[in-house]
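Student: Spelled out, the chains give:
2 protein chains.
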Amino acid sequence: MTLMKSWVASANSADSQFPLNNLPYGVFSTGEEEPRCGVAIGDMILDLAAAEEAGLVELAEDPVLDVPFWNEVMELGPEAWDALRARLIQLLAENSGERAAVEPMLVAQADAVMHMPFLVSEYTDFYAGKHHAFNVGTMFRGPENALPPNWLHIPIGYNGRASSVVVSGTDIRRPWGQLKGPNDEMPRFAPCARFDIELEMGAIVGKNTDGPITVQEADDAIFGYVLLNDWSARDIQAWEYQPLGPFQAKATATSISPWIVTKAALEPFRTTTPEREKDLLPYLAEPTPMLYDIDLAVSLQAEGGQEHTIARTNYSRMYYSAAQQFAHHTTSGCAMNVGDLLGSGTISGPTKDERGSLLELSWGGKEPLEIAQGLTRSFIEDGDTLTLKGAAKGDGYQIGFGTCSGTLLPALADPYKR
Amino acid sequence: MTLMKSWVASANSADSQFPLNNLPYGVFSTGEEEPRCGVAIGDMILDLAAAEEAGLVELAEDPVLDVPFWNEVMELGPEAWDALRARLIQLLAENSGERAAVEPMLVAQADAVMHMPFLVSEYTDFYAGKHHAFNVGTMFRGPENALPPNWLHIPIGYNGRASSVVVSGTDIRRPWGQLKGPNDEMPRFAPCARFDIELEMGAIVGKNTDGPITVQEADDAIFGYVLLNDWSARDIQAWEYQPLGPFQAKATATSISPWIVTKAALEPFRTTTPEREKDLLPYLAEPTPMLYDIDLAVSLQAEGGQEHTIARTNYSRMYYSAAQQFAHHTTSGCAMNVGDLLGSGTISGPTKDERGSLLELSWGGKEPLEIAQGLTRSFIEDGDTLTLKGAAKGDGYQIGFGTCSGTLLPALADPYKR
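The listed protein sequences derive, respectively, from chains A and B.
Following the numbering used here, the numbering of the first sequence begins with 1 at its first residue and continues without gaps.
Following the numbering used here, the numbering of the second sequence begins with 419 at its first residue and continues without gaps.
Take these hints with a grain of salt, some might be off.
Computed spacing ranges between beta-carbons, pair by pair [stated by the list, open to error]: (1) Thr288/A with Thr588/B: 32 to 40 Å; (2) Leu537/B with Pro289/A: 36 to 44 Å; (3) Thr288/A with Ala608/B: 22 to 30 Å; (4) Asp184/A with Ala528/B: 57 to 65 Å.
Now the stretches of chain A that chain B is said to cover, found in silico as 3 or more residues with beta-carbon under 8 Å [said to hold, decoys possible]: (5) 170–178; (6) 184–198; (7) 209–215; (8) 239–245; (9) 334–343.
Here are the simulated DSS-like cross-link-like pairs (lysine-lysine), alpha carbons at most 27 Å apart as the crow flies [what the hints assert, rightly or not]: (10) Lys784/B with Lys423/B; (11) Lys835/B with Lys598/B; (12) Lys278/A with Lys598/B; (13) Lys696/B with Lys180/A; (14) Lys207/A with Lys835/B; (15) Lys625/B with Lys417/A; (16) Lys352/A with Lys278/A; (17) Lys784/B with Lys770/B.
In case anyone wonders, no lab produced these hints; they're calculated from the structure.
Think of the CB as a built atom: it goes at the ideal place given N, C-alpha and C, for glycine as much as any other residue.
If we strip away everything but chain A, and leave its shape as in the complex, we get:
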């Protein structure tokens, strides 16, 4: 696949996150206007509410693009998704005959505020990166017992909190919680001292399902992908998580990037999951490649300082694909719905600079990460901005995800005083 050219000049640069090949979907607003659906092209956004109102795009009898979420488009199903993408390529391609009608509907991304791109129905987070699971397991139980016995058989997941999901750019408040050191007699209620990131991808469910579905059906039902940062309070987690899993440690916030990159845009970048160390049960077998080759990076910027990349890895490091996770999620008969968000689990690679959390990068705080001259980190400090970036790299073009960013504000002096 090579670059598809657009009459929007900025989309044709090899550096552009959003060439015509991409066309990711978001929700934006400008000035006093209401948030509405848009598609990114180069450094612009095409206002899809306007395009729909003008009859340039028609998906259903009633408008579905003048609302601040993509759920209604998802509800229309894969044929409508394909039709919308085909029509947008037609409108925005270099040789489009409709440039004159479309051009007035472009808004500069620099002038727009991005909002949550969809209503999150329910949120599930997985633990499907083997290097991450191995690193964390080694820290807590030693390398011999690092992976739980079920790990090579089940894409381990737990339900998260949909109300915690926020769009990139939302400030994150350092939480309070119950903390207890291994030698403390009693727990105390205090601000989290080990606040962390988790570099993940989020898959968005675009179809309602009821009853077990196959991995192929799951792949077909995914609408698109976003970057996802599962902010984690490690000290709260350590004390609370036995026996029923993380709870408040994961409920402060989960940030996602504002642009939903569609499965269609990622199609040329499909890749297989790594070799199986133990055979999977047949219901989890991948009939075709369902992971994606997406370069990922994490950066940290201290307050008033420069941005430094602290980790680089690739989505293809995952042991399980989102389709496998989704299929497993339905085995018990669990109904899944449009707008469900599936976090991949932390993505880490085999080398130290590929680790997707500070917990791993600083080895539980024992080996503070040296980021730059005079700048070390074990966990996030107040005022730090953490940013995830991602792009699939094609021949002279890329499918970019934009950024997923958040700044940590200090804990409130008294969380009950409002």
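Given chain A, put chain B in place with the hints provided.
Tutor: Frame of chain A, contents of chain B only:
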């Protein structure tokens, strides 16, 4: 508190679940008509959509009772909740001057189908019954290590799946899942063989909150309570739950009773949580009694057989109240929303006949429960109907919860064949 008399004669019997003191809220339909809001009185339902349309009840400018959920009433806040209850008491009291207008709006419960009473936003399940936690812990780790170290400090909870919540009367399909016995080399994908109930109460969040709230604020924000059966696949759970908690084991279904019993109706039955074995951190202290004295029972009816009570206990056996659980849920800054459902955790008492799950009643299947002549159970068998019942007992009246019931259908021969 004594019986408040109604002109609906069936409501005045000491045996009635639904005297004028109760007035629980549900969603019902009759014949071909759309589901709508109603209130139970004796063996009747007052059609509140009709009452609102006739101007007998007025809560807001636009109608809020002609919809198949109580979320809109919850959104109106505690003053509106009180006003509605006061108005319904006025309309239905023995000395009401409006009987003639109201009487045609009564529907026999026997003629109505009950639906989910509210839209579940998110569902959280807790593990806050000490006898249950001790029993389960003893089975797995011995009595010395039965309670996890955090248990007396944290109302342990985990996020469940809102899409799994169904109304009483919905059939439950035995799920498939990954199973692995302790001596098996590999897991297999097969129907669950250890399907179980969990006797719980559900608290319904009636207010949106953002940031940590106190236990008193949490209590104020609870709209009402239902019976809740957290159906559990014990064999799936045993293999999947380490390290991040139960997932598919709890996702098949969660049944709730159709009538929301309001906090106002339960007011005379408030009782304190049991004595603390260790001091709670101040943020969890109960300023006033926040548990309730509610008698609970579980019955089992084999296909074509009689109904037998297999356990009796009381909600006051819980170590933590719903208000304490709710307050803890918000500590990290987790936003809570109208329609969030909080499961209490399995309610068991100190004696064997007070155990709220078959796992406990049959001691993990090692001591099958003798229910009646020729009827024993370790776990649920296909065709069994399990029913939860609950009532707070006043002086010559009771605040009944109705029933929370479900019949287990056999597993599908092939869960992927539709």
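Student: With reference to the structure, classify each hint as holding or not holding.
Tutor: Against the structure, the hints come out as follows:
1. Thr288/A with Thr588/B: 32 to 40 Å: holds, 36 Å
2. Leu537/B with Pro289/A: 36 to 44 Å: holds, 38 Å
3. Thr288/A with Ala608/B: 22 to 30 Å: holds, 27 Å
4. Asp184/A with Ala528/B: 57 to 65 Å: The hint (57 to 65 Å, Cβ to Cβ) holds, given that aspartate 184/A and alanine 528/B are roughly 59 Å apart.
5. 170–178: holds (count 5)
6. 184–198: Satisfied; 4 residues make the cut.
7. 209–215: With 4 residues in contact (Cβ-Cβ under 8 Å with chain B), the coverage given for the region 209–215 of chain A holds.
8. 239–245: Since three or more residues must qualify, the claim that chain B covers the region 239–245 of chain A holds, with 7 doing so at under 8 Å.
9. 334–343: holds (count 4)
10. Lys784/B with Lys423/B: violated, 50 Å
11. Lys835/B with Lys598/B: Roughly 24 Å separates the two Cα atoms, so the pair holds.
12. Lys278/A with Lys598/B: Given that 27 Å is the threshold and the Cα spacing comes to 15 Å, the pair holds.
13. Lys696/B with Lys180/A: Within the cut-off at roughly 15 Å; holds.
14. Lys207/A with Lys835/B: holds, 19 Å
15. Lys625/B with Lys417/A: Given that 27 Å is the threshold and the Cα spacing comes to 19 Å, the pair holds.
16. Lys352/A with Lys278/A: Holds, at roughly 25 Å.
17. Lys784/B with Lys770/B: holds, 14 Å
Hint compliance for this structure: hint 10 is the single one not met.
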